[in-house]
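Peer 1: Take a look at the letters that make up each chain.
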Amino acid sequence: MTRRATLRALAAAACVPLLARAAVSVPEDSIYQLPATLVDQDGRRFELSSLRGTPLLFSMFYTSCAMVCPMIFETIEATRKALRASGQGAINVLMLSFDPARDTVEALKKTALAHGCDEHWTLARAEDATVRKVAAVMGVQYRKLSNGEFNHSTLIDVLDRSGRVVAKSGKLGSVDPVLVKAAKHAATVEG
Amino acid sequence: MTRWATLAIAALCCVSANASEYVSLPGGRFESVLPQGPVPTVSTPVDVKPFRMRNVPVTLAEFESFVNAHPQWRRGSAPALYADARYLLDWSTPTAAGASRLPASPVINVSWFAAAAYCESEDARLPTWIEWEYAAAADESRTDARSDPAWRRRILAWYERPSAAQLDAVGSAPNAYGISDLHGLVWEWVDDFNALFIAGDSRTQGDPDLLKFCGSGALNIIDRDSYAVLMRIALLSSLNGADTTGTLGFRCVKPG
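Those protein sequences? They're chains C and G, same order as listed.
Just so it is clear: in the first sequence, position 78 is 105 by my numbering, and no numbers are missing.
Just so it is clear: in the second sequence, position 223 is 229 by my numbering, and no numbers are missing.
Please keep in mind that the hints were generated in silico from the structure rather than gathered at the bench.
It should be emphasised that the depicted structure is a prediction, and the values quoted were computed from it without experimental measurement.
Incorrect hints may appear among the rest.
Label pairs and their computed distance ranges (CB to CB) [to be verified]:
hint	chain 1	residue 1	chain 2	residue 2	range
1	C	Asn174	G	Ser243	17 to 27 Å
2	G	Pro180	C	Ser201	52 to 62 Å
3	C	Ala117	G	Ala170	34 to 44 Å
4	G	Gly190	C	Glu146	55 to 65 Å
5	C	Asp155	G	Val45	21 to 31 Å
Covered stretches of chain C, going by a simulated chain G footprint (3 or more residues, C-beta under 8 Å) [as the list claims (entries may be wrong)]:
hint	segment
6	81 to 87
7	129 to 139
Within a straight-line C-alpha distance of at most 30 Å, the following computed BS3-like cross-link-like pairs (lysine-lysine) qualify [unchecked claim]:
hint	chain 1	residue 1	chain 2	residue 2
8	C	Lys208	C	Lys195
9	C	Lys195	C	Lys171
10	C	Lys211	C	Lys198
11	G	Lys260	C	Lys171
12	G	Lys260	C	Lys108
13	C	Lys171	C	Lys211
Think of the CB as a built atom: it goes at the ideal place given N, C-alpha and C, for glycine as much as any other residue.
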């Protein structure tokens, strides 16, 4: 090994701890700042921040919602398809329920199967207070009605690897190019 | 030395004189100005569970103690996700509001996240909108004075008053439940501030009748004469969780 190569190797080794530390710190506008324990459609508990590292499509829904929520699933799947077509398929999906009282793990599983969700989809539930906080950081508004239905705003967000919101869309039924562009960019940059 | 001790005792006296307590509210059937049922134009009364509410808003002195015990909530330390650039900007330092401020006046310029964290620190939570509206429906002698035009005028008169250079101390005349300052001092965060929306994105996505149950977002006000309450809803519905304003404080509630 030449002296220069040795120096380079040493420099590279010295960089490792620095990079490792950088990977642990979360940007201060990242949603992964928020301590939030969720449960997925297979009953697995996980921390919201554990989704860090891969770009994410995020939306909120509830399983008994008959009209808009199925459209969210379809729109997200179409967005993923557009991404795959462009050669950038690496994105996960998180759908968080407004309705932990009725959206049990079984209800989430049933919905995931009904929509043909693959392993990149996470349908999740959390305690009421956690749902309210996640909605607050994502700018989602929702209200439970006396008949158990929900009024809610519908947004699909793209988050980069670090958990920063890089695009938002309220468009349903067709692919919003804004989301595809942002997701493509998020897939190509390190986070 | 003696003089300092006297001052310290005097300070303690003042704080304890203004110390908040949680007051029990019985709850019961309540008709909100916000429609609670599936048909936005029809009033659907709901049952409010018994709860306990701080009789006064959280004060500057109380919030100073909180940020001293929880450094992550100091100005400059709270992440942008939780607090905007104006968070506690009216304080002279990150840990003290300053000598020019009344320690017993309500804390303002706090975000929803900071207010929620404060309530959690005393095993409480922010009130829901319905809980706040229910408590605020009372005047000094009646638990629901909302239909009295004279009472409505009194509340509205607050909005017409030019804002004072300095907020008053908490603890105005309590209402029939024993709760003070629900009107006339500051506006207050509620837990479900992001439930008070006026226009939802989903409304434009097709047939409004089909979408009604899943995000019509149509906020129809049942009682359009409740201007003072409507102004609160308008303000709260416009905010994000990290926002802070110079007129917005909070109080906490506990289960009944």
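Peer 1: Which of the numbered hints above does this structure break?
Peer 2: Result: hints 3, 6, 7, 12 and 13 break, sorted rising.
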